[in-house]
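Protein chains: 2
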Amino acid sequence: MRRTVEVRQSILAKNDRLAERNRGFFEARGLLVLNVLSAPGSGKTTFLRESVRLLAPKLKAGIIVGDLATDNDARRLRESGAPVVQITTGTVCHLEAEMVARAFRQLDLTGLELLIIENVGNLVCPASYDLGEDLRVVLLSVTEGEDKPLKYPPMFQAAHMVIISKMDLAQACSYDRKALRSNLRRVAPQAQVFEVSAKTGQGMDGWCEFLLKQRREHQPRTPQR
Amino acid sequence: MRRTVEVRQSILAKNDRLAERNRGFFEARGLLVLNVLSAPGSGKTTFLRESVRLLAPKLKAGIIVGDLATDNDARRLRESGAPVVQITTGTVCHLEAEMVARAFRQLDLTGLELLIIENVGNLVCPASYDLGEDLRVVLLSVTEGEDKPLKYPPMFQAAHMVIISKMDLAQACSYDRKALRSNLRRVAPQAQVFEVSAKTGQGMDGWCEFLLKQRREHQPRTPQR
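Here the protein sequences line up with chains A and B, keeping their order. In terms of this note's numbering, the first sequence has 156 at position 156, counting the first letter as 1, and numbering is strictly consecutive. In terms of this note's numbering, the second sequence has 66 at position 66, counting the first letter as 1, and numbering is strictly consecutive.
Any given hint could turn out to be false.
The list cannot tell twin chains apart, which means a pair is met if one copy fits it or any two copies do.
[Said to hold, decoys possible] Straight line, CA to CA, 25 Å or less: simulated SDA-like cross-link-like pairs of lysine to any residue:
| hint | residue 1 | residue 2 |
| --- | --- | --- |
| 1 | K14 | Q192 |
| 2 | K199 | Q171 |
| 3 | K60 | N15 |
| 4 | K14 | R215 |
| 5 | K178 | A69 |
| 6 | K14 | P189 |
| 7 | K199 | A13 |
| 8 | K213 | Q86 |
| 9 | K60 | T46 |
| 10 | K178 | T70 |
| 11 | K60 | Q214 |
| 12 | K58 | D205 |
| 13 | K58 | R181 |
| 14 | K178 | R76 |
If you are wondering where the hints come from, they were derived from the structure by calculation, not from laboratory data.
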């Protein structure tokens, strides 16, 4: 499978160059950019809709959202009042820098300070694709099990922030905070961890305060990979 | 990206040939083979451990389990009493027919009637890789949201059975049966649907009866793709 490996490396090298171009563009526009990643069904869309709604009085955000099919998520995200562009990837299991570059040219960036990219729901493949973001945010819902950082290490190793979502279900699914924190310390000691429920609002204010602080101190960052 | 597409097609064509070889091997051994797929954290391992435990008096099963890292799942599955082989894929986001062929040669197949392959947790990529299985079983937990069949159509289009898992959490997460059934009818009208909770046992007897019937009437099948 040597030829496969070579082709994969050349695809990733091309993606990395286009990601750096995105990074330069974002810097010139003064945008803080998040790449938000998780398994399908971890609650990315609800979490982002609520984050943007809470941030709206202080920070103007735009959203790019990727899915294989449907524009369901774009419709849900527009309820936040933010401008949204949907990317549908067909069978492609991740977003690439080039898709993002096409998408942000469709957004009215005037006055935007925060750009959120909601990636395809997949805890494996999107980890390899830099999009030019400043911060990687990985969601893990309490219903998915505390062992996930150990079983999907590349995704967690590259995370700046880990959001434990659906805390309203913590009791119903016997969430073991101690076990999850211990697994995160092993795999992703660099990541800041937030526990939230977008449904009840738990932890959302703290998360939004953190984002506002990031925006104030914003410096473009080099990816951790 | 034309070259990429061509390389991908040649990888899939090679995989399809090796999958047919697996299919022939399984037929000769009289094995019913399941390829079990879902997003990370849908509860595949617990569901399979309980299925094998319930089936044990009537049907002898073996298990092959794929993960990027760790042998956690193999250890959990061994609690069922069945023989288990763990495949660790490193960064590869799906199982391939060749990996499965290496794995089943490490299993003692004597007396086995059912072989269960637990794929890597990923609702996108494994859909493209035939492993030589008879039946594709896709799990979707009630916590993941009713829109998933619409958003990840290739996985559901190729399913023979869809297992709605974690029914014990249905009320806590306001599971909407009608919406999910309607989405499944649109995307996967061919699939038989089971609602189960491996934790409480709900629906597990019906599922096991169904598997026993499949085993009795077993004929190797051609993949639906």
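Alpha-carbon proximity context of K60 and Q214, limit 25 Å: within (14 Å within a copy, 56 Å between copies)
If the cut is 25 Å between Cα atoms, do K58 and R181 qualify within a copy, between copies, both or neither? Neither way: K58 and R181 sit 31 Å apart in one copy and 41 Å across, limit 25 Å.
First find the shortest C-alpha distance between K199 and Q171 inside one copy, then the shortest across copies, and answer within, between, both or neither for a cut-off of 25 Å. Intra 15 Å, inter 15 Å, cutoff 25 Å: intra and inter.
Under a CA distance limit of 25 Å, which applies to K178 and R76: within one copy, between copies, both, or neither? between (33 Å within a copy, 20 Å between copies)
Intra/inter-copy verdict for K199 and A13 if alpha-carbon distance must be at most 25 Å: Cα proximity of K199 and A13: none, with 40 Å in one copy and 45 Å across.
Could you place K14 and R215 in one of the four classes (within, between, both, neither) given a Cα distance threshold of 25 Å? neither (29 Å within a copy, 49 Å between copies)
Between copies, within a copy, both or neither: which fits K178 and A69 at Cα up to 25 Å? Only across copies: K178 and A69 sit 21 Å apart there, 37 Å inside one copy, limit 25 Å.
Give the relationship of K60 and T46 under a CA distance limit of 25 Å: within one copy only, between copies only, both, or neither. within (18 Å within a copy, 43 Å between copies)
Up to 25 Å between alpha-carbons, please classify K213 paired with Q86: within, between, both or neither. This pair counts as neither: shortest intra-copy Cα distance 28 Å, inter-copy 44 Å.
Intra/inter-copy verdict for K14 and Q192 if alpha-carbon distance must be at most 25 Å: Classified as neither: same-chain Cα gap 30 Å, cross-chain 43 Å, threshold 25 Å.
Is the C-alpha distance from K58 to D205 at most 25 Å within one copy, between copies, in both cases, or in neither? within (13 Å within a copy, 54 Å between copies)
Within, between, both or neither: how does the pair K60, N15 come out at a Cα-Cα threshold of 25 Å? For K60 and N15, neither the intra-copy (28 Å) nor the inter-copy (48 Å) Cα distance is at most 25 Å.
Hint compliance for this structure: hints 1, 3, 4, 6, 7, 8, 13 are broken, all remaining hints hold.
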